[in-house]
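First to last, the sequence lines map onto chains V and G. 90 is the number that the working numbering gives to position 90 of the first sequence; each next residue is one higher, with no gaps. Offset between the second sequence (1-based) and the working numbering: plus 1000.
I should point out that these hints are in silico values taken from the structure, not numbers from a laboratory. Wrong hints could be hidden among the right ones.
[Said to hold, decoys possible] Straight line, CA to CA, 35 Å or less: simulated DSBU-like cross-link-like pairs of lysine-lysine:
{"id": "1", "chain 1": "G", "residue 1": "K1006", "chain 2": "V", "residue 2": "K242"}
{"id": "2", "chain 1": "G", "residue 1": "K1006", "chain 2": "V", "residue 2": "K248"}
{"id": "3", "chain 1": "V", "residue 1": "K204", "chain 2": "G", "residue 2": "K1067"}
{"id": "4", "chain 1": "G", "residue 1": "K1067", "chain 2": "V", "residue 2": "K242"}
{"id": "5", "chain 1": "V", "residue 1": "K440", "chain 2": "V", "residue 2": "K206"}
Residues per chain, in single letters:
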Amino acid sequence: MSGFETREAQTPGHTTTSYDWDFLVQDDRVHRSIYADPEIFAAEMTHIFGKTWVYIAHESEIANPNDFVTRKLGLRPVIVVRDSDGRLRVLYNRCTHRGTTLCRQERGSARNFQCPYHGWNFGNNGKLRGVPWPDGYTQDIRDERFNLAQVPRVQSYRGFIFATLNMDAPDLLHWLGPITRPIDEWLDRNPGGKIVVCEANRFKYKGNWKLAYDNSSDGYHVIYSHRSLIETENRMTDEPNKGMAYYKNSPDSLAMYVQYMGNGHHFKDKRPNLQPRPGGLWALESLHPGMEYYESEFRSRYGERADSLLDLAGSEPVNINIFPNLSLLGNHIQVFEPVSVNETNAVWYGTRIEDVNGDIGDALEGINALRMRTQEGFPNFGEVDDLANFEQIQRGLDCLEDEWIYMNRGYGLPDRIKHNADGTISGPATDEVFMREYIKEWKRLMSGPAHLTIQREP
Amino acid sequence: MSAEIKDPSRSSYYVDGDFYRTLIERFDDWQDDARIVNDHIERDMFRGLLEREARLLDQHRYESWLKMFTPECVYWAPGRPGGGDPRTEIAVIFDDRRRLEDRIFRLCTGYAWSQAPRSRTVRLVTNVEVFSTEEANRRMVRANFIINEFWDNETRLLTGWCGYNLQNTVEGWLIQAKQINLIDCDQCIRNPSIIL
Ligand code: FES
Ligand SMILES: [Fe+2]
Chain V
1 MSGFETREAQ TPGHTTTSYD WDFLVQDDRV HRSIYADPEI FAAEMTHIFG KTWVYIAHES
61 EIANPNDFVT RKLGLRPVIV VRDSDGRLRV LYNRCTHRGT TLCRQERGSA RNFQCPYHGW
121 NFGNNGKLRG VPWPDGYTQD IRDERFNLAQ VPRVQSYRGF IFATLNMDAP DLLHWLGPIT
181 RPIDEWLDRN PGGKIVVCEA NRFKYKGNWK LAYDNSSDGY HVIYSHRSLI ETENRMTDEP
241 NKGMAYYKNS PDSLAMYVQY MGNGHHFKDK RPNLQPRPGG LWALESLHPG MEYYESEFRS
301 RYGERADSLL DLAGSEPVNI NIFPNLSLLG NHIQVFEPVS VNETNAVWYG TRIEDVNGDI
361 GDALEGINAL RMRTQEGFPN FGEVDDLANF EQIQRGLDCL EDEWIYMNRG YGLPDRIKHN
421 ADGTISGPAT DEVFMREYIK EWKRLMSGPA HLTIQREP
Chain G
1001 MSAEIKDPSR SSYYVDGDFY RTLIERFDDW QDDARIVNDH IERDMFRGLL EREARLLDQH
1061 RYESWLKMFT PECVYWAPGR PGGGDPRTEI AVIFDDRRRL EDRIFRLCTG YAWSQAPRSR
1121 TVRLVTNVEV FSTEEANRRM VRANFIINEF WDNETRLLTG WCGYNLQNTV EGWLIQAKQI
1181 NLIDCDQCIR NPSIIL
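Extracted from the complex, chain G is given alone in its bound form:
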């Protein structure tokens, strides 16, 4: 198979059985006190990374935001607290690289009525905790969030926490998986159309 065909922006070969299994494993029971990284420089570096991510989204700078992810990434909002199994359960969102680019493409068509006019957001990212893994170049990070979203003459809050799987690469630390855990993920949500 040629490298071009395997470009994850154009085709989806990496979302296979192993991909799901690894994802579920990594996001199961990872918030282990014994693995907390106490080094404040490292913690501050990840805090800075998440703050930058929040700013890019607030500023609709989607191209730059996408560059924060590894090519073979996943952007996942489970449909029930605890995560569930995305192989057998519908998620609120389960995007691979290409679908994440679809999501952004759609918002930029000018015909996404749910975002016309588009929402204004201000995101607060707090309670950042960094966890080490068995691999030296991989970290799991947890952060709470509040997204203040102004849309249709109303400001509302989207609240939850995110789990990130980050990979240290030649381009620095990149997000391989972002799991967004809305506190009301299993409830009816009005106009869930912004990037979380």
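Excised from the complex, chain V in its bound form:
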């Protein structure tokens, strides 16, 4: 195929076949090295962040032709651009001359990218347009091999842009599978089913990226890791009922559940804890800047409608985790970015709504202002404590001889896990079944070959 170059991925000195994956990933526990071995991390950059679909950006960040953001696909610097013809592309941010990154801005709008080093100039479709003093080359330099490398498969699902270097990966929709249902529900509660990314709370921690992904449906840690948050959210009441207070007492007996969705994806659904009525979501919100003002304002102005307007500012109690690096929770789009075996970025992109159908009118400013404040709560008062715990796991992993990390909560208990007709598996809120299942998918990807393909425009 013209324009495509495929190679089998290898990490320096190792193929992934030199590991005993069945030893490292067992039914109810995993070996410390999957979080701590730099060679395994290097292999993940091809076998996971290359071979499977990886979330790369949201369409609202590059709404117009020529808009771009710079991101990483694993460790590869890339430019995610909507080219002049409106097509989404993920270009390697690497000049084909001598390899420098072309674009050093985090976002912007550009028809072409000119290399700061010797001035080669590329269109935003990746094609080399010209070089300084072309008569210094024996042939026409505008040859296909000098066009920028780009990710051959870029697909978007309702605004979420994914990319993979694997020509054999299933179609995005097929790969997402049953997790599209909670994604759809998460979007459709917003006007027109639409959200717009609006800045972020950005963290980094000294720990492996999987520690965050392991945590993303973990209902077991909530009451301990987030004790300071829950105490704070309920400090003005004798009966804790705000935020995640429902985890107190016996969370596994509640209707909320965790569900493994296939292909590494998992889902924590806490919506059954809500009062099933407009305003039920808002009733759970802890105390945020401006909430009493806007609530009383909306109630006097909009009467009955106020509840559903306020719900738009409330955090949807779900964790929709799309392997390997995306988590939709509350109103956030959280992205995990591996940096090294023991360093990870966790970016909590905020979202706001637009008045797509024209029925929000004057309430829009207030809803979004409230929605910003509700979104700042958890990263500030909750996430920081999880990150401290992730870092301390990574430190604990330095105990070389104590080798195992357990994911055995619920394992082997009769009647606890339900295998559903659509192939998903559900369990009670604090069960670790989702970890045991997703890590099997990780093992499958890691132990097989990775044929990765880049493309250049012809």
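Starting from the structure of chain V, add chain G with the ligands where the hints point.
Using the frame of chain V, we list chain G with the ligands on its own:
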């Protein structure tokens, strides 16, 4: 509405549309050379106020620190250089009085793992400039800061500048708004859990 219900430590009625608009206006383009206050006594007074604030935070004397703020205050760390619009953009921090008290309450629960053990800090506050406003009892003050933070066997620097909106009240000059501009506010930050 009773006075008790409107206690900004317990309910948040003052963060309304006008509050946001006024805040954005005040923090837009205020560092005007023509408005610099040259009176060294006044400047020294504000310098002293900021130095005291830094010391109180270094000493974890949060109750006293809170008393340096007006009841209807804001503590704001924008998520991108220049400030942005907090109505439509996520900030690193945007606390009203009650959330600021939440922040301190959380640190004092003993269960804030990101601050257990807690950071030790030494803050340097410099380059203090005072700007007059249209109102005689209101000043804007700019100061650069370096926070040396020791946490988890490491010392790091948090660097930036603050803009303060200060109000002269019966209790003296109080901070109505503190805008903290970290130079890396739009980048990933490790354990941002201390009071800035
Ligand atoms: S490295 Fe880009 S033009 Fe030389
Ligand atoms: Fe958590």
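For this session: Mind listing which of the numbered hints don't hold for this structure, in increasing order?
Result: The structure breaks none of the hints.
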